[in-house]
Each structure stands twice: as structure tokens, then as C-alpha cells.
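Undergrad: Sequence:
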Amino acid sequence: MKSVIKTLCIFMGAAFLIYLFSCERNTSPANPNFPPNTTIANIPVDSSTIFALVTMHWDGEDDDGFIAGYQYSYITYHQDIGDSAIHEWENTTETSLTIAFESSDNLNFQKFYVRAVDNMGDVDPTPAEKHFYTPKTIFPEAEILSPVNNEKFFTLEEATDWWPGIKLIFTASDEDGEVVEFAWAVDDGEWNWVQDTLLYIKPDNFDPLDGEHKIRVTCRDNTNLVAPKGDSVIVNLIRPTFDKRILIVDETIESNFPANIDPMPTDAGVDSFYADIFGIEESWDFKQNGMPPKEVLGQYKLVIWHADNLYTTENKVHKLPQHIDDIMDYLNVGGDFIMSGWKILKSFADTDPFPRAFEEGEFIHDYLHITQVDETAKISDFIGAEGSGGFSDISVDSAKVAGFPYNGMLNYINLMPERAGFTDKMYIYKNKLDSPFGEYRGQTCGLRYYGSVFDAAVLGFPVYF
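Following the numbering used here, the numbering of the sequence shown begins with 1 at its first residue and continues without gaps.
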């Protein structure tokens, strides 16, 4: 009897479980999702006329969920032209944006729409609207300041600390707003958008590396207008070969030697003098040919520049300072340079009192590493120089300056009392033991800079004498 009851209980329990799990429960249908609502601030005032860069404010609400984002769009109706432009819907999570409205006509009617999007993806079926007018906006303008058209530059295959690339300086303006972005391009290449108007274009932007190229610039203003023309220049890039040894640039003007020098040297005589020293039969006559072009400079490992005639502030006959940018470009790519002359350093600051400090950014400081230059008096006192660091002593050729007021000596010698690192003395000033200018004795009058890319030297006296 007990076993029958037990079997019956098991059977009834199994039947109950089968019934329990086989029955479907009745559920209520889900509540429908109601779309969100959008409101827009009363700024700007409807039908007002305002500048095309407008800050819009809006908000949204959703009774059965939350706002996930917004979409905005606008239509521009050109009042004079008679057509329109549609700005498609854009997504945002912001409730305030500054928008540059298209305003190419003299007067533009703007219809702005914004709609909220809820967490279910539904959008407000009746977007909020704002209507207003904007006057025509003026395109910005861009202008290249440097380089100038058809300027020539040395170039290397890779940028270095001394040669960072082709320097580009430009400016931009916007008559009715603000320039917010600038761009440059080489030849037909793509625009490179930047925030600076001074930059260096790296060599990998030029293909081929040497030859003629066009550099272009443009800009964008705060109404999203891009300068339609921009500006452009042609540059010529030259890769130095340095396959020749020495170029002597003869800037010495024999007619500007003191009148009492006897015999008066000729151009051929000065050329012969330098040819004997350096073993170079030819020299570049600056007075006749002007500044050597970069195609010429780039062939030589070393340029020697001499200006041995007397320099005065009236005649300003030393022309090296006027062409120092070409020399710096030559040094930046690995050329070496020696300069000498009568008042050669003074010619870089001829109206300034000496001693004079040369600051960062000036050729004397940056390339010769001289921080202060002095000059001896008008009274002749220099009899020669003591060689330093392996250089031999030198003496003034008294026969060339035997007459008054020189009496076999030289005046206006440039001294270098203060110098920076990586420099060595080449020559030290000498005068007679009974000279009244004892403060000159022992000062540096010839200096050499040893650099990682180039070497440079300056002699503060006219080598011809």
C-alpha cells in the first residue's frame, strides 16, 4: 500500500512540473516610446541681421527616457541671387555651438533647425527653428613675406640643426573677421593646415629636390571662408656639390687705398698676391661681377673673402654685410668661410660705437661666435700679429705703408676681446714696446670657429699689407 501511494505521489509531482513549465504566461504590451521635444533660445532675435558667425543655444526633453544628442541643419536663401544652399543635418551632443553660416550673397536669409534625439533613436518630428539674416562676408587674404619670388636656396636631402629647411614667412588678414587657420603647399601638393605663419618646409616636400618649385599659401577665417587666391612664389633650389677647393672673392677696391701708398697696387697685383698664398690663379672680381651666384658658391668647399681697402662710413665700400644671407645659407649646408679686410667687422655696425656687443641673431655672434668686437685708434700702431695654435707670426709689410700717417704700421684693426665656445685664437695683436696703446697688446685679432657643420675664420686686418 505504501509503495502504491509513493508511486502515485511521484506521478502527480511530475505531472505538475510538466504543467507548470508548459504553460505560457500572459504579458502586457510595451508602452510606446514618445519622441523628444526641442526648444531653442531667443538669441539671436528672429528676423534680426547679424554677422555670419553665430552662437546658437538649444535644449531638449524626453518624458520617457533621456536625450542622447541633437541634430542641426540650416538653409541659406540668397536674397539677391535668388537661389539657396542646404546645409545637411549634423550630429552633436552639445547644446551650444558657434556656427559660420554661409553668406556669399549681399544679404542672406538663414533658417536654422535643431532637433533632439532620445535614447531610443527617435528624433523630434517638429524641430525648433530660428530665422535671421546675415550680410555678405569678405574673403580673407594671405601674403608671402619670405622668400621673395625667384629667390635661390641651397638645399640638402635631410634637414639639420643648421639647415632646417626652406624658411617660409607669410601673413594673413580678414577685413570683417579673424583668420583662424593657415595653410601652405608645394607645387600641386595638398594643403598643410597649420597655426603658425613662420615655418620651415622640409626637403621631402620637394620632388625633385633641386630646381624650380612653387610655394603656395592660403588661410581660413572664422566664417569658414578660404582665401580664393592666396599667394605664391617661385623658388630655385640648388644642391651644393663642393667638388672644387677654394673660391677667392676679391672685394678689394684698389682705388680706395690711401692716396699716399706707393706704389699704388693694381687689381692684378692684389690677385697675384692672393694667388701666391693660396695657389689659386683665378678670383671672383666682386666690383665687376657682383655677388657670386649660389650655383657658383655651391661648387667650392671654401670661400675666402677679402676687402683690404680702407672702409669709411661715408663710402660704405665693404659689401659683404649686404650679402651675408647668401653666406649664411652657404655655411648652413656645409661650406667653409674666411673673411678679412680693413675694418671688416666694423662694416657690420659702422654707425655704432665700439667696443660693441653682438647678440644672438647677428651673423658675427651666431656664425663667428664673437660676442664683442673692438677697434683700434686712428693712429697707426699695428706692426704684426703673433701666431697662435700652430699659425706662424706675421708682420706688416712696412714698405707698402711707409708714408705718413702710417709710418710702416696699420690702424683700425678689429679686435675680438670676447668670444664664445668652439673658437680658437689664430692671431694676437702686436705693437711696439713703447706704444701708448698697451691695452691692445695681446688681444685677439684673428679667430677661428670650429663647427659641427662648417668652419669659419675672421682676420681683423687687411691681409694684403
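Hints listed in this document are in silico derivations from the structure and should not be mistaken for laboratory results. Owing to the predicted nature of the structure, the values given are computational and were not obtained by experimental measurement. Where is the CB? At the ideal position from N, CA and C, for every residue including glycine. Incorrect hints may appear among the rest.
[Said to hold, decoys possible] Straight line, CA to CA, 35 Å or less: simulated DSBU-like cross-link-like pairs of lysine-lysine:
#: 1; residue 1: Lys425; residue 2: Lys167
#: 2; residue 1: Lys244; residue 2: Lys229
#: 3; residue 1: Lys152; residue 2: Lys111
#: 4; residue 1: Lys136; residue 2: Lys202
#: 5; residue 1: Lys301; residue 2: Lys229
#: 6; residue 1: Lys152; residue 2: Lys136
#: 7; residue 1: Lys378; residue 2: Lys319
#: 8; residue 1: Lys214; residue 2: Lys152
#: 9; residue 1: Lys152; residue 2: Lys167
#: 10; residue 1: Lys432; residue 2: Lys400
#: 11; residue 1: Lys319; residue 2: Lys301
#: 12; residue 1: Lys378; residue 2: Lys244
#: 13; residue 1: Lys378; residue 2: Lys167
#: 14; residue 1: Lys167; residue 2: Lys214
#: 15; residue 1: Lys202; residue 2: Lys294
#: 16; residue 1: Lys214; residue 2: Lys244
#: 17; residue 1: Lys287; residue 2: Lys136
#: 18; residue 1: Lys111; residue 2: Lys167
#: 19; residue 1: Lys229; residue 2: Lys111
#: 20; residue 1: Lys319; residue 2: Lys229
#: 21; residue 1: Lys301; residue 2: Lys400
#: 22; residue 1: Lys202; residue 2: Lys229
#: 23; residue 1: Lys244; residue 2: Lys136
#: 24; residue 1: Lys229; residue 2: Lys294
#: 25; residue 1: Lys152; residue 2: Lys378
#: 26; residue 1: Lys432; residue 2: Lys378
#: 27; residue 1: Lys152; residue 2: Lys244
#: 28; residue 1: Lys202; residue 2: Lys244
#: 29; residue 1: Lys319; residue 2: Lys244
#: 30; residue 1: Lys214; residue 2: Lys111
#: 31; residue 1: Lys287; residue 2: Lys214
#: 32; residue 1: Lys425; residue 2: Lys400
#: 33; residue 1: Lys214; residue 2: Lys301
#: 34; residue 1: Lys425; residue 2: Lys301
#: 35; residue 1: Lys400; residue 2: Lys319
[To be verified] For each label pair, taking beta carbons as the anchor points, the in silico distance ranges come out as:
#: 36; residue 1: Val453; residue 2: Gly269; range: 29 to 37 Å
#: 37; residue 1: Asp276; residue 2: Leu198; range: 28 to 36 Å
#: 38; residue 1: Gln443; residue 2: Gly279; range: 37 to 45 Å
#: 39; residue 1: Gly269; residue 2: Pro353; range: 33 to 41 Å
#: 40; residue 1: Pro125; residue 2: Asn31; range: 15 to 23 Å
Undergrad: If a hint holds in the structure, say so; if it does not, say that too.
TA: Hint-by-hint comparison with the structure:
1. Lys425 to Lys167: Distance of about 33 Å is within 35 Å: holds.
2. Lys244 to Lys229: Violated. Lys244 to Lys229 sits at ~44 Å, over the 35 Å cutoff.
3. Lys152 to Lys111: Distance ~53 Å between Lys152 and Lys111 Cα, so the pair is violated.
4. Lys136 to Lys202: violated, 39 Å
5. Lys301 to Lys229: Roughly 42 Å separates the two Cα atoms, so the pair is violated.
6. Lys152 to Lys136: violated, 41 Å
7. Lys378 to Lys319: holds, 22 Å
8. Lys214 to Lys152: The given pair, whose Cα atoms are some 12 Å apart, holds under the 35 Å limit.
9. Lys152 to Lys167: holds, 12 Å
10. Lys432 to Lys400: Distance of about 18 Å is within 35 Å: holds.
11. Lys319 to Lys301: holds, 22 Å
12. Lys378 to Lys244: violated, 40 Å
13. Lys378 to Lys167: violated, 42 Å
14. Lys167 to Lys214: Status holds; Cα separation ~14 Å.
15. Lys202 to Lys294: holds, 20 Å
16. Lys214 to Lys244: Status holds; Cα separation ~30 Å.
17. Lys287 to Lys136: violated, 57 Å
18. Lys111 to Lys167: violated, 46 Å
19. Lys229 to Lys111: Roughly 30 Å between the alpha carbons, so the hint for Lys229 and Lys111 holds.
20. Lys319 to Lys229: Violated, at roughly 38 Å.
21. Lys301 to Lys400: Holds, because 32 Å separates the two Cα atoms, which is no more than 35 Å.
22. Lys202 to Lys229: holds, 24 Å
23. Lys244 to Lys136: violated, 61 Å
24. Lys229 to Lys294: Roughly 31 Å between the alpha carbons, so the hint for Lys229 and Lys294 holds.
25. Lys152 to Lys378: Measuring from Cα to Cα gives roughly 41 Å; hence the hint is violated.
26. Lys432 to Lys378: Satisfied, since the Cα-Cα distance of roughly 16 Å is no more than 35 Å.
27. Lys152 to Lys244: Holds: Lys152 and Lys244 sit about 20 Å apart, inside 35 Å.
28. Lys202 to Lys244: Measuring from Cα to Cα gives roughly 27 Å; hence the hint holds.
29. Lys319 to Lys244: Holds, at about 24 Å.
30. Lys214 to Lys111: violated, 42 Å
31. Lys287 to Lys214: Holds, at about 33 Å.
32. Lys425 to Lys400: Measuring from Cα to Cα gives roughly 26 Å; hence the hint holds.
33. Lys214 to Lys301: Holds, at roughly 29 Å.
34. Lys425 to Lys301: holds, 22 Å
35. Lys400 to Lys319: holds, 24 Å
36. Val453 to Gly269: 29 to 37 Å: Distance hint for Val453, Gly269 holds at roughly 36 Å.
37. Asp276 to Leu198: 28 to 36 Å: Roughly 47 Å apart at Cβ, these two residues miss the hinted range, so it is violated.
38. Gln443 to Gly279: 37 to 45 Å: violated, 31 Å
39. Gly269 to Pro353: 33 to 41 Å: holds, 35 Å
40. Pro125 to Asn31: 15 to 23 Å: Given range 15 to 23 Å: holds, Cβ gap about 18 Å.
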